[in-house]
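Peer 1: By the working numbering, the letter at position 41 of the sequence shown is numbered 41, and the numbering carries on one by one without gaps.
Hints in this document: simulated from the structure, not taken from any laboratory. Keep in mind that this is a model prediction, so the values were computed, not measured. Here a beta-carbon is modelled for each residue, glycine too, at the ideal position from N, C-alpha and C. One thing to keep in mind: the hints can contain errors.
[Said to hold, decoys possible] DSS-like mimics (lysine-lysine), calculated; alpha carbons at most 25 Å apart, straight line:
#1 K77 to K23
#2 K122 to K110
#3 K122 to K133
#4 K133 to K118
#5 K77 to K136
#6 K100 to K77
#7 K77 to K118
#8 K100 to K110
#9 K136 to K118
#10 K100 to K122
#11 K77 to K110
[Unchecked claim] Restraint-style ranges between C-beta atoms, simulated for each label pair:
#12 K23 to A129: 56 to 64 Å
#13 Y52 to A129: 12 to 20 Å
#14 V19 to A107: 38 to 46 Å
#15 V21 to E70: 36 to 44 Å
#16 D109 to L13: 54 to 62 Å
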Amino acid sequence: MNLLILAETKLALWQEIVVGVFKAPVPIAAVGIVAALQKPIRNFLLYQRTQYDFIYAGDQGQTQWDIQWEGYRLTIKIREVHNNFIEDVTVIENDTPPGKTFPTLNATDKFESLFDGKLQFKLNTVIRAIPAKGSKTYILRFVLRHRN
């Protein structure tokens with residue numbers, strides 16, 4: 001009958017110090033790598049983000065809004081709001097046309113790049129209020145972000 005005998009291994013003091021030094025950062029690095037691979041966490045760490053809600057009366061027609069944020073002045077011009085998209089949207093930086101034009105802008109989670117990638121922009125939601133009388137009212141939520 002063979003018996004397995006385990007011997008206790010005793011490390012030298014300098015070896016214990018080396019093992020202790022490398023043992024602590026490994027779990028921290030593993031958690032950091034996993035976090036960096038997760039898109040929501042990566043976006044939270046890498047981007048400064050803000051959102052704006054604009055009210056649009058259903059019969060308002062062509063409209064524009066100005067936003068001052070993080071050193072940017074943005075003008076958002078729209079021609080018409082429909083139930084699920086905005087028609088003819090132009091975003092202008094620092095009042096210097098022509099800006100970037102979108103024939104239609106749908107509510108989405110996908111960001112659009114603006115001004116050579118300096119900013120990213122999306123229409124997050126279109127909320128429609130339908131009163132018993134009168135015209136519809138829309139709330140448009142725009143989200144802007146830029147890299148930290």
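Peer 1: Indicate, hint by hint, whether the structure satisfies it.
Peer 2: Results of checking the hints against the structure:
At roughly 56 Å between alpha-carbon atoms, K77 and K23 are farther apart than 25 Å, so this suggested pair is violated. For the proposed pair K122 and K110, the alpha carbon gap of about 7 Å is at most 25 Å, so the pair holds. For the hint pairing K122 with K133, the CA-to-CA distance comes to about 31 Å; that exceeds 25 Å, so the pair is violated. Distance check on the hinted pair: K133 and K118 sit about 43 Å apart at the alpha-carbon level, beyond 25 Å; violated.
The straight-line distance between the Cα atoms of K77 and K136 is roughly 20 Å, inside the 25 Å bound, and the hint therefore holds. With a C-alpha separation of about 10 Å, the suggested pairing of K100 with K77 holds against the 25 Å cut-off. Pair hint K77 plus K118 holds up; C-alpha atoms about 19 Å apart against a cutoff of 25 Å. At most 25 Å may separate the alpha-carbon atoms for a hinted pair to count; K100 and K110 meet this at roughly 16 Å.
Pair hint K136 plus K118 does not hold up; C-alpha atoms about 35 Å apart against a cutoff of 25 Å. About 13 Å separates the Cα atoms of K100 and K122, which keeps this hinted pair within 25 Å; it holds. Restraint check for K77 and K110: the C-alpha separation of about 20 Å stays at or below 25 Å, so the hint holds. The hint said 56 to 64 Å for the Cβ distance between K23 and A129, and at roughly 59 Å that hint holds.
Distance hint check: the CB atoms of Y52 and A129 are about 18 Å apart, consistent with the given range 12 to 20 Å. Remark: the range hint 38 to 46 Å for V19 to A107 is contradicted by a beta-carbon distance near 54 Å. Distance hint check: the CB atoms of V21 and E70 are about 41 Å apart, consistent with the given range 36 to 44 Å. Separation of D109 from L13 is about 55 Å and conforms to the stated range, judged on CB atoms against 54 to 62 Å.
Of the numbered hints listed earlier, those contradicted by the structure are 1, 3, 4, 9 and 14.
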